[in-house]
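So the sequences go chain by chain: A and B.
Just so you know, we're using numbering that gives the first Met the number 0 here: the first sequence kicks off at 0 and counts up by one.
Just so you know, we're using numbering that gives the first Met the number 0 here: the second sequence kicks off at 0 and counts up by one.
Read the hints as simulated data drawn from the structure, not as lab findings.
Just so we're clear, the structure is a prediction, and the values are computed from it rather than from any experiment.
One should not assume that every hint holds.
Unchecked claim - Derived CB-CB ranges, DEER-like: (1) B:114 / A:71: 23 to 29 Å; (2) B:35 / A:60: 28 to 34 Å; (3) B:35 / A:71: 18 to 24 Å; (4) A:71 / B:51: 41 to 47 Å; (5) A:23 / B:36: 32 to 38 Å; (6) A:165 / B:114: 23 to 29 Å; (7) B:116 / A:23: 23 to 29 Å; (8) B:126 / A:23: 24 to 30 Å; (9) A:23 / B:114: 29 to 35 Å; (10) A:312 / B:111: 43 to 49 Å; (11) B:115 / A:173: 29 to 35 Å; (12) B:63 / A:15: 48 to 54 Å.
To be verified - Counterexamples of contact, computed for chain B against chain A with all Cβ distances above 10 Å: (13) 21; (14) 39; (15) 180; (16) 185.
Said to hold, decoys possible - Reference excerpt, derived from the structure (chain A facing chain B, CB under 7 Å, subset only): (17) 45; (18) 84; (19) 90.
Cβ atoms here follow ideal geometry from the backbone N, Cα and C, with glycine treated the same way.
Residue strings, one per chain:
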Amino acid sequence: MTGVEATLALEAGAFRLDVALEAGPGVTVLFGPSGSGKSLTLRAIAGLLRPRAGRIAVAGRVVFDAARGIDLPAHARGVGYAGQRPALFPHLSVGGNVAFGIRDAGGADRARTAAEWLARLELSGFEHRRPASLSGGQAQRVALARALAPGHRVLLLDEPFSALDEALRQGLRQLLAELVRERELAILFVTHDLREAHLLADRLVVIDRGEVLQAGPRDEVFRAPRQRRVAELLGGTNILAGRVVERTGAGLRLEIEGWEAIAASWHGDPRPGDAVDVVIRPERVVIRRGEPAAVNTLPARVRREFDYGTNHTLEFEPLAAGPSLVVDLPSRPYDVLGIAAKKEWTLELPPTDLHVMPAAPPRRATTQ
Amino acid sequence: MDILDPLRISLLIASAGTVACIVLGTPVAWAIARSRGSIAAIISGMSLLPLVLPPTAVGYYLLWLLGRESPIGRFLLDDLGIQLVFTWPGAAIAAAVVSIPLYIRTAAAGFEQVDEEVLMAARTLVPPWRVFTFVVVPLAWPSLVAASLIAFARCLGEFGATVVVAASIPGKTRSLPAAIYDANLAGNETLAHQLSLAALGIGFVLVSLLTVALQAAVRRERP
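Bound-form chain B, shown alone (with noise of 0.2 Å):
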């Protein structure tokens, strides 16, 4: 067991985490800024649901949602031939059921920041795609960036659901936080703080991000 190991796995399960956010939670992050009717505030509070759950909860109805047992998993299976129960790309669904609450939530303030009554101009000019992509991004992107981040750190971090629905299979699926578990379990301090220092790394690299792009989505709003 080294270090290498699980900071690539990690390190995928977190990319390939943080696209699935940025791509299935951006649409729903503007829903929420954008209406007021009663369907965005259910969708708005539903989204909050995996944040309050317990990740090994999660994780356990991902491996039924994903197994043999689920219809989804029998089609994905048998069907399409894709296994994704203890493998990366699993963890990495897993990871991003957790993180998704964080990204919406933070990419839905960014949204909110946007000036209603530029949107109405831009309204006037352009059809909305073209609104979304030219006006609304340019304009929210300090926050969507500190949402991605906040996103990416989260999957990096994930434990609980992500070892439910992928374990700990060295190589394969032992994430940082799994090695860091399994390195404690077996009384090898030396890996574990190994392990941990690297953790600590990654986060202070992604705190300092964070802190510049959270400082750029504020002056986003004061200019």
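Bound-form chain A, shown alone (with noise of 0.2 Å):
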């Protein structure tokens, strides 16, 4: 297969990294808090630091097996790697940098293959610029192409557009999809930055604290995480304890601060009587207009709203009993719902977007 199966176990001082994925064709996004050891994953499987431990594939090819004593040098493992920041060679021009790792190729080959990433990343021309002389999203597209210009399929990325300003971010955030499409590559993608992680992943790996919490396709780790951890990383802002009353056909009956409420998505094997943490997205609550749905109707009233101009975070608190709940909203339909004048609604939880946890008590930040 292309793409990166890892296992792996190190020590950076106090912090130990465990962590076992796997990343296939399309982007896999490492998504985590600073300091959850994405960066430290990233580097072990670039062959750029000594795990303790661990086996290591490249599209196939075993580069790292600790007990069998293989270890390629980062040159050897077919894969490209690009940092947090473009790391150019400041003394090599634009083209002499992107033809740098091509290897088994005469001068004119290299320089040739180097002008074409160049014109691919739309930098047509740039060969004798100096690095000194790009901008920030030049030097960053340049650097893309050095990682990719050797013909890697396997691409590693840590963060590589944090240092930019959002537009410019935008814009390369969309070419990477457009290469990863027409290239068949696989990239392991690195980033703290959640609506990034959202955008590109095909598959998402929640890291936490050295450890992967979760991992699958994207939507299903969004939709549904395993635990209370991971739906607040993904910004499952609404977490709210409950209990299950009664497990029917279609779900689970569960009681939410003296709210009854049905879900239909859960993790494990919750059963009557069981404390659970309940999420849903801030995204997915419903404002009811007209006439309320049958089940998970919830009366509320906006106690505060943020308004962020491409959308609203609403706060709102029950009228009866229930828990509070943060809706987001994008700015058109908080204009036609008129809701800047009406602040009393009806709430609705669709049961397929209530998922249900095993409770877990809540951890301190871990953001170090």
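Reassemble the complex: the two chains are provided individually, in unrelated frames, and hints are given to aid placement.
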């Protein structure tokens, strides 16, 4: 397969990393807060640091195996790598940077390949420029071209857009998505930016404190987190403490702060009486204008609201028993519904969007 | 006794000594700059030893090492027929040993300035020797030039260790510093003055070159 399979353990000071992950064709996003071990994982796979134990295969070839004493140097692992900063070679031209890693080719061929990659990354004619004369976005594209030019199909990218402003980032993400389709790349992409993770990911690996909490197709991980911490990291702001009342054919009947609800999505094997965490993403809560749905309706009032320009974040408190909820609403529906003037609404929580996880004691903030 | 012979011998000793510093000191400097391990720390500390010893003590140990009493000296003399004691190559070795700590320090400082992320990018692209040759050396060259100039200057001025190992044989091992010492001891004021003036001239040139190299090194740090 094209892609990466890695199991690795390493210690860096007091920090312990112990992860297993797979990244097939497409973009696998390694997502986690800063200090969670994302970059260490990526560097270990790239061969830039040596794990204490584990096994790493790239495109089906074992490049590291602690037990068998295999440890290929970084350049022999068949992966392209780009980090947060472009880190271009300042003494070489742009063309020289891109051609640097191209092997088994004459000078003219290398220059041609480099020029082709530069053209693909919308930098035609930049061959003779000096890295110091480039803008941040241009430099990062040169760094991508440099990583891709040797012809590797596996690319390791460590927050490559984090130093750029939002407009540039947007363009580069789209360019990357096109490249993935066009060249059938397998990319392992490290980020702590949720929007970036969602936009780019085919698969999502959630990592925290040196361990993988959950991995799977993006939407599955977003919709059905296995535990509270994953839900928190993925921006599930509504994490409600509840209790299972009954398991029915259609789903779980729950009691949440004196309010009854039906959930159709869960992890594990919840049984009546179990304490559970219930998550619903803020953008999945429905604000009803017409007649209310049959299930999971909650009359509530807007307590606070925040206008982010493109969307509004509304904090609702229940009129009777029930949980407080955060709801994200794009600006247009906000205007159409007239929420600026009317503050009391009926919220609907679709059972398929209400996800139940085994209750976990709340953890303290983990960012280092 | 004239000026040209000691000048020629001194330049010979300094050139050979500098080459030895570059060849032996560069890998050590790289190892010190890149690794954080305890072995590198020990090597780093040990490399300072010739700097803190009196040069005459360094010379004394080298005299033993290169002479007939030590296995190395015996091997060189009996098996290879190489005589180093009382020759200018012996003096060059002594000068190199005394100078190499300065070379290693300066070169290591240059290597430490090379951007870690640039190195990581390079390592994923080409084998380590190409990383070193085509990325590290071009990026650290002002520091390497400065290190070589410092080593050259230190070799040129070296007296204690060289005179113990190679003595001061006119036309063979009598270097500029040895000639100044001898002239002064013999009461030949004029010669001592001329020789010192020559040393001053060379020193001035070296200091000028060093200033240029160090400025270039600083520019590399803050582009």
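Hint-by-hint comparison with the structure:
no., hint, in the structure
1, B:114 / A:71: 23 to 29 Å, "holds, 24 Å"
2, B:35 / A:60: 28 to 34 Å, "holds, 30 Å"
3, B:35 / A:71: 18 to 24 Å, "holds, 23 Å"
4, A:71 / B:51: 41 to 47 Å, "holds, 42 Å"
5, A:23 / B:36: 32 to 38 Å, "holds, 37 Å"
6, A:165 / B:114: 23 to 29 Å, "holds, 26 Å"
7, B:116 / A:23: 23 to 29 Å, "holds, 28 Å"
8, B:126 / A:23: 24 to 30 Å, "holds, 29 Å"
9, A:23 / B:114: 29 to 35 Å, "holds, 33 Å"
10, A:312 / B:111: 43 to 49 Å, "holds, 47 Å"
11, B:115 / A:173: 29 to 35 Å, "holds, 30 Å"
12, B:63 / A:15: 48 to 54 Å, "holds, 51 Å"
13, 21, "holds, 20 Å"
14, 39, "holds, 16 Å"
15, 180, "holds, 45 Å"
16, 185, "holds, 53 Å"
17, 45, "holds, 6 Å"
18, 84, "holds, 5 Å"
19, 90, "holds, 5 Å"
Consistency note: the structure conflicts with none of the earlier hints.
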